[in-house]
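Participant: The chain contents come next:
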Amino acid sequence: MLKSPLNAALAAPTLLVAGAAPALAQEAVIDKGDVAWMMTASLLVLFMIVPGLSLFYGGLVRAKNMLSVLMQCTLTTSVVMIIWVFWGYSFAFGGGTSPFWGGLGKLFLAGVTLDSTAATFTDGVVLPEYVFIAFQMTFAAITPALIVGAFAERVKFTGVMLFMILWVTFVYFPIAHMVWDGAGLIFNMGAIDFAGGTVVHINAGVAGLVWALILGPRVGYGKDNMAPHSMTLTLVGAAMLWVGWFGFNAGSNLEATSGATLAMLNTFVATAAAVVSWSVVEGLVRGKASMLGAASGMIAGLVAITPACGTTGPVGAIVLGLIVSPVCFYFVTAVKARFKYDDSLDVFGVHGIGGIVGAIMTGILCAPSLGGTGYVVEAGTMGAQVFVQIKAVIVTLLWSGIGSAILIFAVRATVGIRATEEEERVGLDLSSHGEAAYHA
Amino acid sequence: MLKSPLNAALAAPTLLVAGAAPALAQEAVIDKGDVAWMMTASLLVLFMIVPGLSLFYGGLVRAKNMLSVLMQCTLTTSVVMIIWVFWGYSFAFGGGTSPFWGGLGKLFLAGVTLDSTAATFTDGVVLPEYVFIAFQMTFAAITPALIVGAFAERVKFTGVMLFMILWVTFVYFPIAHMVWDGAGLIFNMGAIDFAGGTVVHINAGVAGLVWALILGPRVGYGKDNMAPHSMTLTLVGAAMLWVGWFGFNAGSNLEATSGATLAMLNTFVATAAAVVSWSVVEGLVRGKASMLGAASGMIAGLVAITPACGTTGPVGAIVLGLIVSPVCFYFVTAVKARFKYDDSLDVFGVHGIGGIVGAIMTGILCAPSLGGTGYVVEAGTMGAQVFVQIKAVIVTLLWSGIGSAILIFAVRATVGIRATEEEERVGLDLSSHGEAAYHA
Amino acid sequence: MLKSPLNAALAAPTLLVAGAAPALAQEAVIDKGDVAWMMTASLLVLFMIVPGLSLFYGGLVRAKNMLSVLMQCTLTTSVVMIIWVFWGYSFAFGGGTSPFWGGLGKLFLAGVTLDSTAATFTDGVVLPEYVFIAFQMTFAAITPALIVGAFAERVKFTGVMLFMILWVTFVYFPIAHMVWDGAGLIFNMGAIDFAGGTVVHINAGVAGLVWALILGPRVGYGKDNMAPHSMTLTLVGAAMLWVGWFGFNAGSNLEATSGATLAMLNTFVATAAAVVSWSVVEGLVRGKASMLGAASGMIAGLVAITPACGTTGPVGAIVLGLIVSPVCFYFVTAVKARFKYDDSLDVFGVHGIGGIVGAIMTGILCAPSLGGTGYVVEAGTMGAQVFVQIKAVIVTLLWSGIGSAILIFAVRATVGIRATEEEERVGLDLSSHGEAAYHA
Amino acid sequence: MKFISAIIKPHKLDEVREALTALGVNGLTATEVKGYGRQKGHTEIYRGAEYLVSFLPKIKIEVAVPSDIADAVVEAITNAARTGQIGDGKIFVYALDRAVHIRTGETDQDAL
Amino acid sequence: MKFISAIIKPHKLDEVREALTALGVNGLTATEVKGYGRQKGHTEIYRGAEYLVSFLPKIKIEVAVPSDIADAVVEAITNAARTGQIGDGKIFVYALDRAVHIRTGETDQDAL
Amino acid sequence: MKFISAIIKPHKLDEVREALTALGVNGLTATEVKGYGRQKGHTEIYRGAEYLVSFLPKIKIEVAVPSDIADAVVEAITNAARTGQIGDGKIFVYALDRAVHIRTGETDQDAL
Ligand SMILES: Nc1ncnc2c1ncn2[C@@H]1O[C@H](COP(=O)(O)OP(=O)(O)O)[C@@H](O)[C@H]1O
Ligand SMILES: Nc1ncnc2c1ncn2[C@@H]1O[C@H](COP(=O)(O)OP(=O)(O)O)[C@@H](O)[C@H]1O
Ligand SMILES: Nc1ncnc2c1ncn2[C@@H]1O[C@H](COP(=O)(O)OP(=O)(O)O)[C@@H](O)[C@H]1O
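Protein chains in written order, with the numbering used here: chain A, 5 to 444; chain B, 5 to 444; chain C, 5 to 444; chain D, 28 to 139; chain E, 28 to 139; chain F, 28 to 139.
One or more hints might be untrue.
[Stated by the list, open to error] Below 27 Å or equal to it, Euclidean Cα-Cα: the simulated DSS-like pairs (lysine-lysine) are:
| # | chain 1 | residue 1 | chain 2 | residue 2 |
| --- | --- | --- | --- | --- |
| 1 | B | K344 | B | K292 |
| 2 | A | K340 | A | K292 |
| 3 | B | K344 | B | K227 |
| 4 | E | K61 | A | K227 |
| 5 | B | K395 | B | K340 |
| 6 | F | K61 | D | K61 |
| 7 | C | K227 | D | K61 |
| 8 | A | K340 | A | K395 |
| 9 | A | K292 | E | K67 |
| 10 | E | K61 | D | K61 |
| 11 | E | K61 | F | K61 |
| 12 | F | K61 | B | K344 |
| 13 | A | K340 | E | K61 |
| 14 | B | K227 | B | K340 |
| 15 | B | K227 | B | K292 |
| 16 | C | K292 | C | K227 |
| 17 | A | K227 | E | K67 |
| 18 | B | K340 | B | K292 |
| 19 | A | K344 | A | K227 |
| 20 | F | K67 | B | K292 |
[Claimed, not checked] Over 12 Å on every C-beta distance to chain B, these chain F residues come out as not near it, computed from the model:
| # | residue |
| --- | --- |
| 21 | T70 |
| 22 | L79 |
| 23 | I113 |
| 24 | R125 |
| 25 | A138 |
[Unchecked claim] Chain A is nowhere near these chain F residues, computed Cβ spacing over 10 Å in every case:
| # | residue |
| --- | --- |
| 26 | A46 |
| 27 | L50 |
| 28 | E59 |
| 29 | K67 |
| 30 | E71 |
| 31 | S94 |
| 32 | D95 |
| 33 | I96 |
| 34 | A97 |
| 35 | A99 |
| 36 | E102 |
| 37 | A107 |
| 38 | G111 |
| 39 | R130 |
| 40 | T131 |
Rather than coming from a laboratory, the hints here were simulated on the basis of the structure. C-beta atoms are modelled at their ideal positions from N, C-alpha and C, and glycine is treated no differently.
Using the sequences and the hints, build the whole thing.
Facilitator: Here is the structure:
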């Protein structure tokens, strides 16, 4: 896929809205197999957020903060879905030709009907635009939800909500446009990001790091026992993320073709390899492989294969999985300990770092010589591809880092971002939501 | 969809059984994309029942009654599936021309083979009858399971089982026939119920209310602390219901077409809107938005969009979601408190009321002027459509209300419907099933 | 399906690799509906393992061993996926003509490209080979994971890992080849095993029994209270297994045709019937139907219908479900108690016995007179078919039983297979993984 | 000062608390315990495994009171906790040497 | 009357209970507690975070008995609970002023 | 010998433990309890149902010590556990007749 900018096409849907280009539209065909797959893929990504991500994160916090995490994930998702219909879809894929955003052409999904179609990576093959909107909406919903892990257990709920509204508007939608829209800045650099390694994971990871730095550590951090209240839920959540991720990765192929099946196989094996390598590293370093380590490797592997899943061979995917875990392990143990910031659930350590490793390796593993499907950059050399991949990462780091910082300060100056020490001690479930997660 | 009664067609399968109408059958085509989608949709509805609904309900009861709820949901589902094959499918879609039931034509799935087909909403496009049977079976299974929430924590297990057998036979199958079969009473009124708002939700909601009234409150109701034993499980269950609901709603389109994708998008955004509006209402009324509130809004939104998902535009769906939560909130807080009956888990307050709001709003939001796909009633006016929607609701309320009452009294007179006070105090898990849900 | 060995075809993919037989490949078509369904089926089987099976098993152990079970399931799955790409796929479906293994033709998926295809049961209809590889990979991953239930709560982690690597290599891959490959020994006997009753369930069940016998009982077995730490998780896991099993069974049809829908309907109703019959038996024997009984019936029913789902009619499937539970119940209560071995979670009692019941009944229920799709054996008589089914079971029992025993002794002689008594008392979570599943 | 420890049925906790506050006792501590006694337990069966559970859930209430009202307190607990059925529990009273109120540092009588 | 409180290893509960019933003690109360002592705890690591767990799970058994059998009871508990390894726990005995049997209203000796 | 039982705020456990070990106390037992007192509880609302939770989570520390250091121990607990805010808890001291060290069989002073 992505062979040539011509059928790059995530921008195309805007050109193909029925009526807009009748001639073209007439020829274009919708295959029910593609529709069936894309509907399945869309609901799989929702499955990743709730219950998946919510449980993965929720299990890692103390019981007294469980509901606050579930609430933050659920409300973020819900609010973003409404925003997506109102202005998000337009900002990202509104058909505008700016390299930075999609314009106002599709506010409130203006002009989208049962006959509207969205292009795929294959000329003449289109999808009902509604399913493209739904699929992309789930990406817009999960990305901000990923950030929750960074400020968990001490953040102020209303501050989170305000931040999320601003963040998707000024950070996510523009980056999605830049990477996936035919008119997008990064897209036209020839960077490969098959399913959203930069847009979703690096983007959220950096925002999480900025949050952790500005918000400061939890009360008692480094002193009190903050062990996960339910490793069981964390593993369940991680497993659900794995299952749902096939919608994320294989769904990004937009068609039920062999390309999607390659993305699926890679998503299986890269993840498996990362689970094994994290466990092996722990076994060597600590003498014991932990369940949380395996779950962390699972996420790291999924994150790393995300940009590469459509352009790498299965063996290359395994190599990528084997590499990403040790890097993330080193980061969440050594580096994080060194800098003493409190990224509660390692959003940056796993999503940010894993995303960067994946983005760069994508430029290497797409090499035909390594079983990949080939380079996308004009130059057509590994060096050039890797260079572009790095450029894409840097643009994302800067845009997300600076943008997030500005927004967090803005929220802190208005509704505030931190719960009081007493609220934090009692737990956010009771203090923010008036409930307790568990009773006899 | 539903444009004209001609291709209304849920009755049609019976006409299209291979052999029955060879000529027609020859022309009719099966698209593998539709089959793939309908199989996915069918398993998604099972996912809604177990684990979805079971966890949503189970988390809301006290730990000592957890297993009893899981057991009631699981056995109800299983028993109904067997009944469906034996006589349920025939009673609902047996091909009979009565407006009230489908007759005995397909007892034990008589005549159904690998070549049998069922019609869709598109002429000439059919499905293997087996998948139509499976898909409809899951609807028949989840509806009675929804009632469990009303008598939870005090009911007698054997009484539940007997009731369920009678209820699907005399209440569910007839109503399913009336609403979805081409020969059905309500169907021919021109009422719109795309995915089962009346058949499933209002129907179960009313039955639940009747149960609560006849059974009486739990021991210690209003006095003891009956807080949910695991809000975590409740949110997980609600999330699974959301994910599975796409099978329920988009599956009801019977084909993987843009119509299904519209139903899917609406099911995403109406639900999101209802989550947000319930939370906002709580925030305004209580100063805090609760996780249970968000979960309740999730279900209310899903229930409300069910009848409307195929005929409303995305913005209309959001409006519907924003409206339904406040209404249900008012009901489960003010109204219920006022009348003091113990509908343990608010089956009526959420499914019944939400279903009614959805059914009526469907008649409004299908208006082309509001982005809808148009009226179905002959008259073709909003007034006429809404009037028919209300008529459909009333018929359902009466049939289900009266029918359920008669059956409950019959069961009470025979095997009994209530556990003893001691059994209730010890908990139904130990007293009815000889187990405890949790151990060290 | 399986009508004639000619299009038996799970070996065929090897013949159809693009290039290998261009002419044929050109004619062969890929239907996107099939691809969509097979991708869905593949991820559903992963869903069965994690979180499904892991929770089903995990809920049944004591809290102090929860993570060890999740860890064993997760790592086994991950390691096997890597092995599958390296040599597993080749050993099973490498294209070799030996009746016992597939040879070395596809080590590291040599020669598999985006254009490679795998045959289905219909001539001229093919699938991208990648999705066939992924689908079969999930079977290879879940089978060894099933064995975990037999040695739970006392096994040595490193021993498990070594065993699994050896077991899939010398037991699973060969048996998969024998049963599903066109060149396979059992396949050519004309035995019917639609979705893996022998390959997966009998195979794992026997291995589990051998483990239990060699490993010996848990410390305090028969004396201490070893009640499941969370029946809730067990039911959730069982329900997820049911939902995922449609991928397992209907996916084994390889196409989204009416054959798949029959497999799906059978998987619904046989399971429902087994849930009911286990509950009824308990009700009669103990006066109370337990949730664990219902969950056990669910698994027993799923196991039993696995080999039969494509060749039995729905009523026959119900009969099978009604029969299997009482047999398994008798086994896990009376028989197991009698022989006093500690198959911790009844892997043999449910998967082994249920699999045997299913395999034999498959030979009966495929009778057209009983609504089945017909015999596969040349002879074409029920007696002949049942005889072949029994032969297949015996071959599996012997191969798996002897093979597993040899491997377990080999592992015991090297890294060891049992935790120390102190480690067992403290719990494997802390002693093997340095974590505790739950905290405040 | 006396220290009174009572084992009661879980669902009686609120009634006992009310009875004590009525006597002007403004503090008490409750603990979830498992009790073994005349009240026989139950069996739980999980597939083939049968377990006899002989320890039943109870609540232990601990309250320190001035000696003069000790009898009244015991009386009040007895009445509030009694159901007349087996398993009602027992009350134990012992001498308390000292009591200290952490927040204020008050001791003995003043600390209760 | 004496009130005996013993901290033991969790898996010793049943043996201790049997030992006591053998002595004719027909009631006792058990509580899950966490103990800190010579027996050192363990460390748990969750990704980068390492926690030292110094409190270990123990069970506290409380039993009120007539003074005359107190020593026999202490003896019995000691023998039943001993494993010889560190962490076996301790037994504490104090005087019991009064005992009341809630259901019957019996007091003192009769209440035990 | 004295037996000291203190009800404290959960997050104060570690500080109290450290204060005691500083005094050479090498063993103690902690129990999760629920306390009712001046510190008012909170209300939780679940849809229509509102519950007043009047028992708050506390930790009970039990430690047996030689009489001579009893006051020092009480002192130490008081200081370590005090936050000055309502809900800090109380300390109760009573006489301990006997103590037995299960593993070694040592008794009384030696057993502590
Ligand atoms: N001698 C005792 N010491 C400590 N606790 C006791 C003693 N006897 C009874 N108990 C507690 O009292 C509870 C109730 O006693 P039980 O004999 O079951 O019923 P009843 O008190 O009505 O005779 C027991 O579960 C146990 O917790
Ligand atoms: N002075 C004490 N006061 C109260 N409890 C104690 C005391 N000393 C020990 N314990 C309890 O006894 C348990 C076992 O003591 P420990 O010193 O660990 O082993 P051992 O008793 O074999 O020397 C501790 O975990 C604690 O619960
Ligand atoms: N008379 C008493 N007997 C037993 N426990 C008590 C008594 N009074 C207070 N407590 C315990 O002390 C805890 C704190 O007491 P409280 O009155 O809430 O605050 P403070 O101790 O700061 O006045 C209570 O939650 C309870 O557990």
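Participant: Indicate, hint by hint, whether the structure satisfies it.
Facilitator: Comparing the hints with the structure gives:
Annotation: proposed proximity of K344 (chain B) to K292 (chain B) holds, straight-line Cα distance about 25 Å (limit 27 Å). A threshold of 27 Å between alpha carbons decides the hint, and for K340 (chain A) with K292 (chain A) the separation of about 21 Å falls inside it, so the pair holds. With a C-alpha separation of about 13 Å, the suggested pair K344 (chain B) and K227 (chain B) falls inside the 27 Å cut-off, and the hint holds. Taking the CA atoms of K61 (chain E) and K227 (chain A), the gap is near 19 Å; set against the 27 Å cutoff, the hint holds.
Only pairs whose Cα atoms come within 27 Å are accepted, and K395 (chain B) paired with K340 (chain B) is accepted, the gap being roughly 25 Å. The hinted pair formed by K61 (chain F) and K61 (chain D) meets the criterion: a straight-line CA distance of about 16 Å does not exceed 27 Å. Between K227 (chain C) and K61 (chain D) the alpha-carbon distance is near 19 Å, which keeps this suggested pair within the 27 Å criterion. The suggested pairing of K340 (chain A) with K395 (chain A) holds, with an alpha-carbon distance near 25 Å, which does not exceed 27 Å.
About 20 Å separates the Cα atoms of K292 (chain A) and K67 (chain E), which keeps this hinted pair within 27 Å; it holds. Restraint check: the Cα-Cα separation between K61 (chain E) and K61 (chain D) comes to about 16 Å, which is no more than 27 Å; the hinted pair holds. The straight-line distance between the Cα atoms of K61 (chain E) and K61 (chain F) is roughly 16 Å, inside the 27 Å bound, and the hint therefore holds. Simply put, K61 (chain F) and K344 (chain B) have alpha-carbon atoms about 31 Å apart, too far for the 27 Å limit, and the pair is violated.
Among the hinted pairs, K340 (chain A) with K61 (chain E) is inconsistent with the structure: their alpha-carbon atoms are about 32 Å apart, more than 27 Å. Straight-line distance between C-alpha atoms of K227 (chain B) and K340 (chain B) comes to about 16 Å, which keeps the hinted pair within the 27 Å bound. As the CA atoms of K227 (chain B) and K292 (chain B) are separated by approximately 24 Å, the hinted pair is consistent with the 27 Å bound. Between K292 (chain C) and K227 (chain C) the CA atoms are separated by roughly 24 Å; this keeps the pair inside 27 Å, and the hint holds.
In summary, the hint linking K227 (chain A) to K67 (chain E) is supported, as the alpha carbons are separated by about 19 Å, within the 27 Å threshold. Between the alpha carbons of K340 (chain B) and K292 (chain B) the distance comes to roughly 21 Å, so the proposed pair stays at or under 27 Å and holds. Of the pairs offered as hints, the one joining K344 (chain A) and K227 (chain A) holds, with about 13 Å between alpha carbons and a cut-off of 27 Å not exceeded. Using a Cα cut-off of 27 Å, the hinted pair K67 (chain F) and K292 (chain B) holds, with the two alpha carbons roughly 20 Å apart.
A beta-carbon of chain B comes within 12 Å of the beta-carbon of T70 (chain F); the shortest separation is about 10 Å. Consistency note on L79 (chain F): stated as away from chain B, yet its beta-carbon is not over 12 Å from all of that chain's, at 9 Å minimum. Distance check for I113 (chain F) against chain B: the nearest CB is about 23 Å away, which clears 12 Å, and the non-interface claim stands. With a cut of 12 Å on Cβ distances, R125 (chain F) stays outside the contact zone with chain B, its closest approach being about 31 Å.
Against the 12 Å criterion, A138 (chain F) stays outside the reach of chain B, whose nearest CB is about 29 Å from its own CB. No beta-carbon of chain A is positioned within 10 Å of the beta-carbon of A46 (chain F); the least distance is around 16 Å. Every CB of chain A is more than 10 Å from the CB of L50 (chain F) (nearest about 22 Å), matching its label as outside the interface. Non-interface status of E59 (chain F) relative to chain A is upheld: no Cβ of that chain comes within 10 Å, the nearest being about 13 Å off.
Taking the minimum C-beta to C-beta distance to chain A, about 13 Å, the non-interface status of K67 (chain F) holds against the 10 Å cut. Listed as a non-interface residue, E71 (chain F) fails to keep its Cβ farther than 10 Å from every Cβ of chain A; the least gap is roughly 6 Å. Distance check on S94 (chain F): its Cβ is at least 34 Å (rounded) from any Cβ of chain A, clearing the 10 Å threshold; non-interface status holds. In this structure D95 (chain F) is separated from chain A by more than 10 Å, as the shortest Cβ-Cβ distance comes to about 33 Å.
The Cβ of I96 (chain F) sits about 28 Å from the closest Cβ of chain A, beyond the 10 Å cut-off, so the non-interface label holds. The claim that A97 (chain F) is not at the interface with chain A holds, since no C-beta of that chain comes within 10 Å of its own (minimum 29 Å). Look at A99 (chain F): its CB is around 26 Å from the nearest CB on chain A, clear of 10 Å, so calling it non-interface holds up. Against the 10 Å criterion, E102 (chain F) stays outside the reach of chain A, whose nearest CB is about 24 Å from its own CB.
At roughly 15 Å from the closest C-beta of chain A, the C-beta of A107 (chain F) stays outside 10 Å, upholding its exclusion from the interface. For G111 (chain F), the requirement that its beta carbon stay farther than 10 Å from each beta carbon of chain A is met, with the minimum near 13 Å. Every CB of chain A is more than 10 Å from the CB of R130 (chain F) (nearest about 28 Å), matching its label as outside the interface. Annotated as non-interface, T131 (chain F) keeps its C-beta farther than 10 Å from every C-beta of chain A; the closest such distance is 31 Å.
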